[in-house]
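Trainee: Kindly generate the complete structure, drawing on both the sequences and the hints.
In the working numbering, the protein residues as written are 1 to 127.
For the record, the hints were derived by calculation from the structure and aren't laboratory data. Among these hints, one or two may not hold up.
What the hints assert, rightly or not - Taking lysine to aspartate or glutamate pairs in the EDC-like style, the calculated list, with each CA pair at most 16 Å apart, reads:
1. LYS123 x GLU59
2. LYS123 x GLU2
3. LYS5 x GLU59
To be verified - Simulated restraints on C-beta separations:
4. LEU33 x GLN92: 44 to 50 Å
5. THR40 x TYR85: 17 to 23 Å
6. SER63 x ILE8: 48 to 54 Å
7. LEU113 x SER91: 24 to 30 Å
On a predicted model such as this, the values are computed, not experimentally measured, just so you know. No residue lacks a Cβ here, since even glycine has one placed at the ideal position from N, Cα and C.
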Amino acid sequence: MERSKLRILRGLVNISLISLVFGAILNLLTDILGNYYVLTIGFLVVLITFYCYRRADSEAASSMSYYLWRYLPTLIFIAMPIAAYWFSRDSQWTLENMIQAVQISCSFVLPILCLLYVERVLKNAQQ
Numbered sequence: 001m002e003r004s005k006l007r008i009l010r011g012l013v014n015i016s017l018i019s020l021v022f023g024a025i026l027n028l029l030t031d032i033l034g035n036y037y038v039l040t041i042g043f044l045v046v047l048i049t050f051y052c053y054r055r056a057d058s059e060a061a062s063s064m065s066y067y068l069w070r071y072l073p074t075l076i077f078i079a080m081p082i083a084a085y086w087f088s089r090d091s092q093w094t095l096e097n098m099i100q101a102v103q104i105s106c107s108f109v110l111p112i113l114c115l116l117y118v119e120r121v122l123k124n125a126q127q
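Mentor: And the structure:
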């Protein structure tokens, strides 16, 4: 595949990842904080994620620093809040909680993991 097509595909994957992270932040924090705070936090998350992805792009796909920069925003902004919320609960899981966990997994976690894998494969193909 041509380098320009690989570059376009990687750009589309990065846009998809950033929009998923932004959507996850908006979805997870809307009930907790006010709308204006969530939008401000969401835009800061997008900027930090974009910065981390740009730093990852400057590294080789097989290096440890590439993985650190690429997966850091996902761990900080998606995985840690979800894990902290679910593991801090003392009560039994209700059916509603289980459905919400499946919804979050299907809406954010699984697509983000799949796109991270596709992006890594495209980065390897581009080098």
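Trainee: Determine whether the Cβ-Cβ distance between SER63 and ILE8 falls within the hinted range of 48 to 54 Å.
Mentor: 24 Å, violated
Trainee: Taking 16 Å as the top limit, are the C-alpha atoms of LYS123 and GLU59 close enough?
Mentor: 10 Å, holds
Trainee: Does the alpha-carbon distance linking LYS123 and GLU2 stay inside the 16 Å limit?
Mentor: 13 Å, holds
Trainee: For the range 17 to 23 Å, tell me whether the beta carbons of THR40 and TYR85 fit it or not.
Mentor: 21 Å, holds
Trainee: Should the hint that LEU113 and SER91 are 24 to 30 Å apart at their CB atoms be regarded as holding?
Mentor: 28 Å, holds
Trainee: Within 16 Å, alpha carbon to alpha carbon, are LYS5 and GLU59?
Mentor: Distance of about 20 Å is beyond 16 Å: violated.
Trainee: LEU33 and GLN92, beta-carbon distance inside 44 to 50 Å?
Mentor: The hint (44 to 50 Å, Cβ to Cβ) is violated, given that LEU33 and GLN92 are roughly 27 Å apart.
Violated hints, in rising order: 3, 4 and 6; the structure is consistent with all others.
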